[in-house]
Structures are given as C-alpha cells and as structure tokens.
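Spelled out, the chains give:
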Amino acid sequence: MKLLSIKLFNFRQFWGEVEIELAGRSERSVTVIHGNNGAGKTTLLNAFTWVLYGQHTGAFASPEQHINKRAIAQATPGQRVDCWAEVVFEHNGNRYRARRSCFIEKPQTDEIIVEQSGELALQINSKRVEPPEVPEDKIGQVLPESLHRYFFFDGERIDRIVKSENKSEISKAIRTLLSVEVLDRAINHLKEAQRSLNKELAEIGDPETKRLVKEQEELKEKQKGLEARREEIAAEIEAYEEQKQTVTAQLRELDKVGEIQARRDDLNRQSEETQALLARSEDKLRRTISARGYMVFLTDAIAQFRNLANDLRQRGELPAGIKQQFVEDLLEDQVCICGSELKQGTLERQRVESWLDRSGIQQVEEMVIQMGGEVNSIERQIPEFWAEIEQEQSSIDNLKRHLSTLLDQIDDIREQLKGSEDVNVSGLEKRLEDIEANIISLHREDENVGRAIVECEDKITVLKKQIKELKAKGEQQALIQRQIKATDDAIDRIGQVRLRVDQKFRAVLEEKVREIFRQVSFKTQVPKLTENYELVLVETLMDGESVVAPSTGENQILSLSFIGSIIERVRYWSKKHSLIGLDSSSFPIVMDSPFGTLDENYRRQIARLIPTLADQLVVLATKTQWRGEVETEMEPYVGKEYVLVFNSAKPDC
Amino acid sequence: MTVDSNDIEEPIKTAPPEVEKIIREVIRLEKEHLHSDRPRVKADILEIIKDSVR
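Sequences listed follow chains A and B, in order. Residues in the first sequence are numbered consecutively from 0, following numbering that gives the first Met the number 0. Residues in the second sequence are numbered consecutively from 0, following numbering that gives the first Met the number 0.
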C-alpha cells in the first residue's frame with residue numbers, strides 16, 4: 000500500500016476542499032505536516048482511518064461530528080451540506096480511490112443535527128466497486144482493519160499497543176502479519192469441508208461405514224466443543240489474572256497493609272522462583288533416570304558376561320593366540336613357517352587349515368575386550384548415578400520444604416488480612432482468595448479438558464484408519480474417499496508449514512524486534528515473543544528469565560520497535576514466500592505527535608530508524624515535536640513538507 | 000520437534016498435484032477473506048476440493 004494523496008472537503012477544521020499530495024519516492028518518502036495545536040493534525044490522521052475503516056483514534060473528540068461548522072453556518076435552512084474525505088493509494092500496480100462521505104440537511108430551527116450516512120465509495124483503476132462486491136472488503140484485502148492501528152497511530156498513545164490488556168489484540172495482529180492466521184483458518188475450514196465429505200460418504204456408504212463415520216463425526220463435534228471450552232477457560236483465566244492484579248494493587252495502596260502486601264509480593268516472587276527451581280530439579284531427575292537408570296538393572300547381566308568370559312579363558316579358547324589373517328596368509332603363500340609346502344590335498348595343509356577355525360575365536364576375543372571395557376565403565380558409573388540421584392532428591396526435598404515454608408507464610412498473611420478489622424482490607428483479601436481459587440479451579444479444568452481432547456484425537460485416529468480400511472463401494476464412494484484423503488494430506492501439509500512458520504518466522508521476528516530495541520534502548524531488558532505471540536519485555540537473571548513491567552517510555556520504544564520490525568520482516572517474507580505471505584509488501588506509517596513523551600536521546604534514535612524501516616512515512620507534528628534531533632535525523636528523507644494554518648474567526652487572533 | 004525449515008513452503012511444493020492445488024486455492028481464498036472475522040468460505044472450499052480431485 001502506497002499512499003498518494005488525501006483530499007478533504009468540509010471535514011472538521013478543513014473548510015472547502017484541501018488536497019495534500021504525499022511523498023512516495025523511495026529515497027525521499029517522508030511527508031511532514033506541521034501544525035500548531037488545533038490546526039488539524041489529529042483530524043488528518045483520523046481522515047485516513049475514517050475513510051479506510053470508518054474508525055477514529057482515541058484522541059479524536061466528538062467522533063460523530065465530521066462536517067465543518069463554518070460550512071453549516073453558511074448554509075441556508077433546508078440546504079444540504081456535504082462533507083467527504085478521499086484517500087488515493089496504489090497497491091500491487093492498481094490505483095485505489097476511496098471516498099467516505101456524509102451530509103446533513105440544515106434544519107429550520109436549532110434542533111440537534113445528526114449526520115447522515117458515512118458511506119464508503121471505492122474505485123479501482125477508475126472502475127467503481129459495485130454490489131455484490133463490497134468496498135470495505137477490498138480495502139480489508141489490502142490492509143486488514145485489525146492491523147490498521149499499527150500503521151496509523153497517535154504517537155502519544157503508542158505505548159498502549161503493547162500494554163498487557165491489549166496482548167490478545169497484538170497477538171492476533173502478529174499472527175495475521177506472519178500468516179499464521181491464514182494457515183490456521185485454512186486448516187479449520189478444510190476440516191469443516193472434510194466433515195461435509197464424510198457426511199456425503201455416510202449417506203452413500205454401507206451400514207458399517209455409516210456407523211463409523213457417524214461415530215467419528217460425534218467425536219469431532221465433542222472435540223470442537225472441548226476446544227471451544229479451552230479457549231473460554233484461557234480467556235477466563237486472563238480476566239481473573241487481571242482482576243488479581245487490580246486487587247493486589249489496591250491492597251498495596253492501602254496505608255495499613257501496604258507493607259504486608261509488599262512482603263507478600265516478595266514471598267510470592269520467591270515462591271514462583273522456588274517452584275521454577277523445583278520444576279528444573281524434577282526435570283533433571285527425570286532426565287538422569289531416563290538416560291542412565293537402566294544401568295542399575297544390569298548387575299546380573301554383567302555377572303553373566305564375566306562368567307562366560309572366564310569359562311572361555313579356562314577352556315583355553317581365550318586369548319586366541321593366533322590371528323586368522325596369519326593363517327590365511329600361510330595358505331595363500333602355500334608355505335608354512337617351518338618351510339613345509341602347503342599344497343592342496345597335503346596333510347600339512349589340512350593341519351594348517353584346521354587352525355582357521357580356532358583363529359576365528361579372535362573376533363570373540365576382541366568383543367570380550369571391548370565389552371569388558373564397557374562393563375567396567377558401567378560399573379563405575381552406577382555409584383555416580385546413585386550419588387547424583389540422591390543429590391537431586393535431596394535438593395528437591397529442600398526446595399519442597401522451602402516452598403512449604405513460603406506458602407505457610409503466604410497463608411499466614413492471608414489469614415491476617417482476612418481477619419483485619421478494616422472491612423476494606425478483609426473484603427479485598429476475601430475477593431483475592433476467591434479469584435485465586437477460581438484460577439486454580441480453571442487450571443484444573445483446563446488440564447482435564449486437554450486430556451479429553453487428546454482422548455478424542457486418539458479415538459478419531461483409530462476410526463479414521465478403520466474407515467480407510469473399509470473397501471470403497473462404487474465409483475462415487477471411491478471418489479469421495481480420494482477427496483477426503485487429499486484433504487487430509489492438505490491439512491497435514493499446511494500444519495507442517497504452520498510449524499515451520501512458527502519456528503522460523505517467530506524467532507526471526509523476535510530477533511529483529513530485539514535488534515531494533517537494542518539500538519534504541521540502553522536498558523538490559525529485551526523483547527520476547529511468547530509461544531502465544533504475545534510481546535513482552537524480559538530481563539535475564541541468574542536463575543532464568545523474568546517478565547518485567549515496562550515504563551510508558553519503554554512501552555513506546557517497544558511499540559515502535561515492533562512496528563518497525565514487522566514492516567521490515569513482512570516485506571521480506573511477502574517477497575520470498577509469495578503463497579503464504581501477505582499480498583502487501585509495502586506499508587506506510589502515518590503518525591501523529593511522534594515519539595510521545597520520549598526524551599531527547601530516544602527521540603533521536605527512533606527518528607533515525609523509522610524512515611529506514613517504513614516504506615513511506617507521514618509525520619504530523621508541532622514545532623516542538625519536530626525541531627532539533629527529529630528534524631536533523633529525518634530531514635534527508637523528507638520529500639514533501641506542509642504547514643497547516645488555522646484561520647480563526649476571532650478578530651484579535 | 001525440530002524441522003528443516005529452510006524452505007517454509009516445501010511441504011506444499013512437494014505435495015501431489017491435486018493436493019497442492021487444494022492448498023494453493025484454499026490459502027488464496029483465506030487471504031482474500033482475512034479481513035473478515037467469520038468468513039463464509041465452507042462451500043467455496045468444498046468446491047475447491049471437488050474441482051481438484053475428480
């Protein structure tokens with residue numbers, strides 16, 4: 000998507016028609032629009048989002064009013080007053096002209112005016128998009144609505160993008176940008192189609208096939224229900240966790256118990272750390288046992304081996320004493336070491352040949368030596384293994400004791416707070432207890448549901464196999480079975496691609512966000528993309544990673560790093576992976592009040608980075624936001640520059 | 000589980016022709032409807048499968 004121009008007509012502060020052409024040359028792709036407060040910068044940003052998505056940003060006051068007040072005032076009663084905004088852009092070689100308009104008919108009296116319509120009209124290459132095609136769908140195909148806030152944003156509020164309450168939104172955005180969403184949907188919809196094919200098969204199939212297919216369908220329905228419940232559980236847990244944080248914060252703020260809550264926070268932190276250590280120790284114990292536990296059961300086998308070797312030695316078969324190769328060489332040369340000739344058929348040759356059988360024991364000897372070494376090594380390792388197990392066991396016991404003490408202390412605090420005479424305190428504590436109980440019960444339910452899903456999957460796999468094995472009856476049945484098989488293969492292959500995307504794209508995107516974040520921030524914390532595609536800031540401590548709560552400034556940097564890296568990576572992937580990548584490989588950024596409340600150093604770093612990452616940049620700024628380091632860094636990229644001038648009706652203005 | 004993810008689209012490129020056709024067309028369809036939260040594509044997908052495997 001490359002923005003070419005925006006045109007406004009009677010839109011908010013903009014009376015009459017105003018057109019702004021936007022810079023788009025690759026080396027000078029920045030458009031700067033200067034304006035004092037109230038001159039219309041936020042209005043311009045909102046003109047973009049209103050035209051394209053019918054949306055407004057948080058800072059846009061009275062979003063239901065678009066029509067210029069002066070135009071209304073100048074109209075005569077009963078006259079129609081129009082307002083529109085038009086965005087022209089290019090995408091994949093096509094030219095889009097999107098115009099959203101609204102109007103009023105000026106009333107005769109002072110009654111409240113309600114704007115009519117707000118409809119979007121779209122032309123692609125001068126051809127109007129007509130029903131049944133929908134203009135909104137066409138825009139959505141260029142840049143989905145769910146992603147627009149990452150490309151058209153208010154710099155002062157940019158930190159909200161990565162705040163914890165928005166993590167599911169950002170997770171969805173990342174999934175969309177990385178094509179995970181497309182792949183997941185493809186898998187789900189193919190499964191649905193497969194169910195329809197199965198139904199068809201059941202209708203024309205024999206009674207046994209029908210029965211198995213029916214059973215399979217019931218299981219799939221059950222599984223679907225369980226998966227839906229699992230999603231609900233996750234959402235419920237997230238909501239309870241948020242409530243927990245709120246209640247904990249409220250307790251922390253109460254004078255009387257603030258200190259106790261701080262102590263509890265500390266105990267909770269210690270308890271989490273101890274649980275992590277415990278999990279690590281238990282895992283180590285498991286791994287040690289599964290890797291070397293077999294050794295302790297080998298004592299009998301070792302003794303048996305030694306008996307066998309001793310027997311061979313006592314019988315004089317070991318050591319072999321003569322090498323097979325040596326006997327073979329004598330027979331080949333047909334001369335013995337004593338000088339006798341070893342011609343075919345002679346007695347001497349027969350005697351030497353008889354040594355061949357005996358010399359064969361040499362391989363046994365080598366094996367006995369090799370195994371003897373291994374057996375000795377195993378015997379040496381058995382005490383080491385027990386020592387390690389005991390040490391780990393004792394470490395687990397200690398950790399469990401420590402954890403139990405911590406949990407007792409946490410319980411004591413709970414009892415103390417619940418028994419508080421202050422109703423606020425006891426009420427909040429009771430609430431916290433209920434929330435935690437709900438979280439635990441939901442986690443338990445989640446585990447049960449997870450197990451039930453796996454059981455369903457296993458049963459479905461067995462049924463699938465049985466259905467496949469049933470001989471297809473008739474051509475139609477065979478065709479449907481082929482279609483089902485091909486769909487199965489398609490689902491499996493898309494799943495494999497999904498796994499590759501997950502492993503590669505996520506890691507590369509995370510690395511890019513880190514790289515950009517590191518260039519800007521001087522802190523040791525680094526961004527991390529979790530398995531659920533949530534963006535968090537983590538700090539590496541002695542005992543592992545810990546998620547940190549970033550400041551507003553850090554959130555702003557994190558958001559901008561995220562947007563910058565997404566643009567850079569998606570551009571790269573879309574070109575390289577034409578099938579699964581997004582159709583857009585070029586993204587604009589339109590930012591109002593850039594860099595929010597960042598200090599000078601951060602502003603400089605971000606101002607240096609953003610023009611190199613975004614394909615096109617529109618900056619809406621006041622003098623103070625632009626001058627200095629921002630201007631110095633961005634100036635080489637500026638292709639067009641405008642000043643918004645507000646013509647006030649006030650005489651002394 | 001680890002995979003050789005050097006070529007992300009390899010499982011699609013190595014699929015039998017009819018399966019590859021299904022995958023390509025389904026992904027194209029899903030991309031077209033990505034902006035919609037609940038796309039109604041079930042019938043179209045069924046048609047893709049039936050067209051690809053005759």
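Warning: the hint list may mix true and false statements.
DEER-style ranges, computed between Cβ atoms [to be verified]: (1) B:41 to A:61: 36 to 44 Å; (2) B:16 to A:183: 21 to 29 Å; (3) B:42 to A:253: 36 to 44 Å; (4) A:117 to B:36: 16 to 24 Å.
As a list, the in silico PhoX-like pairs of lysine-lysine whose alpha-carbon atoms are at most 25 Å apart [to be verified]: (5) B:30 to A:137; (6) A:209 to B:41; (7) A:68 to B:41; (8) A:503 to B:49; (9) B:49 to A:209; (10) B:30 to A:1; (11) A:464 to A:213; (12) B:41 to B:30; (13) A:221 to A:467; (14) A:190 to B:30; (15) A:166 to A:399; (16) A:221 to A:198; (17) A:503 to A:171; (18) A:171 to A:467; (19) A:458 to A:209; (20) A:166 to B:30; (21) A:190 to B:20; (22) A:219 to A:463; (23) A:126 to A:221; (24) A:190 to B:12; (25) A:137 to B:41; (26) A:219 to B:49; (27) A:503 to A:527; (28) A:484 to B:49; (29) A:283 to A:399; (30) B:41 to A:198; (31) B:41 to A:484; (32) A:213 to B:49; (33) B:30 to A:467; (34) A:467 to B:41; (35) A:198 to A:467; (36) A:223 to A:458; (37) A:464 to B:30.
FYI, nobody ran anything at the bench for these hints, they're computed from the structure. Cβ atoms here follow ideal geometry from the backbone N, Cα and C, with glycine treated the same way.
Hints, verified against the model:
no. : hint                      : in the structure
1   : B:41 to A:61: 36 to 44 Å  : 42 Å, holds
2   : B:16 to A:183: 21 to 29 Å : 25 Å, holds
3   : B:42 to A:253: 36 to 44 Å : 59 Å, violated
4   : A:117 to B:36: 16 to 24 Å : 21 Å, holds
5   : B:30 to A:137             : 12 Å, holds
6   : A:209 to B:41             : 23 Å, holds
7   : A:68 to B:41              : 48 Å, violated
8   : A:503 to B:49             : 33 Å, violated
9   : B:49 to A:209             : 21 Å, holds
10  : B:30 to A:1               : 20 Å, holds
11  : A:464 to A:213            : 14 Å, holds
12  : B:41 to B:30              : 14 Å, holds
13  : A:221 to A:467            : 22 Å, holds
14  : A:190 to B:30             : 17 Å, holds
15  : A:166 to A:399            : 34 Å, violated
16  : A:221 to A:198            : 16 Å, holds
17  : A:503 to A:171            : 18 Å, holds
18  : A:171 to A:467            : 37 Å, violated
19  : A:458 to A:209            : 16 Å, holds
20  : A:166 to B:30             : 23 Å, holds
21  : A:190 to B:20             : 17 Å, holds
22  : A:219 to A:463            : 11 Å, holds
23  : A:126 to A:221            : 48 Å, violated
24  : A:190 to B:12             : 21 Å, holds
25  : A:137 to B:41             : 20 Å, holds
26  : A:219 to B:49             : 22 Å, holds
27  : A:503 to A:527            : 14 Å, holds
28  : A:484 to B:49             : 12 Å, holds
29  : A:283 to A:399            : 15 Å, holds
30  : B:41 to A:198             : 14 Å, holds
31  : B:41 to A:484             : 18 Å, holds
32  : A:213 to B:49             : 22 Å, holds
33  : B:30 to A:467             : 32 Å, violated
34  : A:467 to B:41             : 24 Å, holds
35  : A:198 to A:467            : 15 Å, holds
36  : A:223 to A:458            : 14 Å, holds
37  : A:464 to B:30             : 32 Å, violated
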